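Generate the whole structure from the sequences, applying the supplied hints.
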Amino acid sequence: MLQGARHTHMAALHVAAEQSGIEIEIHELRKAVDLVNAQPHAIVFPGGESTTMRLTGNDPASSLLPALFDWIREDSARPVLGTCAGAILLCDPQDGGDRLVAAEIDRNAYGRQADSFQSALDAKILDRQFPGVFIRAPRFTSVGDSVEVVVTHDSEVVGVKHGNRLALTFHPELSEDSGFHEWLLQTAKEVTA
376 MLQGARHTHM AALHVAAEQS GIEIEIHELR KAVDLVNAQP HAIVFPGGES TTMRLTGNDP
436 ASSLLPALFD WIREDSARPV LGTCAGAILL CDPQDGGDRL VAAEIDRNAY GRQADSFQSA
496 LDAKILDRQF PGVFIRAPRF TSVGDSVEVV VTHDSEVVGV KHGNRLALTF HPELSEDSGF
556 HEWLLQTAKE VTA
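Quick note on numbering: the numbering used here labels position 5 of the sequence shown as 380, and the sequence is numbered without any gaps.
None of these hints come from the bench; they were simulated from the model. Among these hints, one or two may not hold up.
[Stated by the list, open to error] Derived lysine to any residue pairs resembling SDA-like cross-links, with alpha carbons at most 25 Å apart: (1) Lys564 to Gln414; (2) Lys499 to Tyr485; (3) Lys536 to Thr567; (4) Lys406 to Asp445; (5) Lys536 to His416; (6) Lys406 to Gln394; (7) Lys564 to Glu449; (8) Lys564 to Ser517; (9) Lys536 to Tyr485; (10) Lys564 to His528; (11) Lys536 to His382; (12) Lys406 to Ala417; (13) Lys564 to Asp450; (14) Lys536 to Asp434; (15) Lys499 to Val532; (16) Lys564 to Ser437; (17) Lys536 to Val525; (18) Lys536 to Asp470; (19) Lys406 to Asp473; (20) Lys499 to Lys564; (21) Lys406 to Glu393; (22) Lys406 to Trp446; (23) Lys499 to Asp470; (24) Lys536 to Arg453; (25) Lys499 to Arg511; (26) Lys406 to Ser438; (27) Lys536 to Glu424.
Owing to the predicted nature of the structure, the values given are computational and were not obtained by experimental measurement.
Structure follows, in structure tokens:
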């Protein structure tokens, strides 16, 4: 809840819960203490502005990003969905630790706001096409051996999976398809069962 499309993700999670029949409780994380109190089963890093998220989340008043990065690194099975700016944070945490998703990413690589677009994507992880929304999107420049390419756009990589961490350069929360949010909930259910 630092910045970005967080409320849209919350709405998408509610739709995904209804579609999948999985009961959920959403916790709004703004400070490290919120993470401790919530004890979540999954995390969403929303799109937005990664620089603002870093400044806010690393501020001593919040300290949320260091706590989240530690939480993710403590258990590689924990499901994480990072979209757009969230994918940037996962691929480039800038905290002195290992990348949370072993891929390199270039911010705003698709251009300015005016260059935003929508297009059908090949979502291998969902076994179907998905309506992708790209807004000042980042671009994967390389993908590590431990990373699986799970979404492409005209054969360009736009979604990768590293264990149960999913990094997408587009905004699935802005489509009417809750597939990626359903993936997050199903994965969290399997991990905690």
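For each hint, the structure was consulted:
no.	hint	in the structure
1	Lys564 to Gln414	holds (14 Å)
2	Lys499 to Tyr485	holds (22 Å)
3	Lys536 to Thr567	holds (19 Å)
4	Lys406 to Asp445	holds (14 Å)
5	Lys536 to His416	holds (18 Å)
6	Lys406 to Gln394	violated (30 Å)
7	Lys564 to Glu449	holds (18 Å)
8	Lys564 to Ser517	violated (31 Å)
9	Lys536 to Tyr485	holds (21 Å)
10	Lys564 to His528	violated (29 Å)
11	Lys536 to His382	holds (24 Å)
12	Lys406 to Ala417	holds (16 Å)
13	Lys564 to Asp450	holds (15 Å)
14	Lys536 to Asp434	violated (29 Å)
15	Lys499 to Val532	holds (11 Å)
16	Lys564 to Ser437	violated (29 Å)
17	Lys536 to Val525	holds (6 Å)
18	Lys536 to Asp470	holds (21 Å)
19	Lys406 to Asp473	holds (22 Å)
20	Lys499 to Lys564	holds (21 Å)
21	Lys406 to Glu393	violated (28 Å)
22	Lys406 to Trp446	holds (13 Å)
23	Lys499 to Asp470	violated (31 Å)
24	Lys536 to Arg453	holds (12 Å)
25	Lys499 to Arg511	holds (23 Å)
26	Lys406 to Ser438	holds (6 Å)
27	Lys536 to Glu424	holds (22 Å)
Violated hints for the displayed structure, listed by number in ascending order: 6, 8, 10, 14, 16, 21 and 23.
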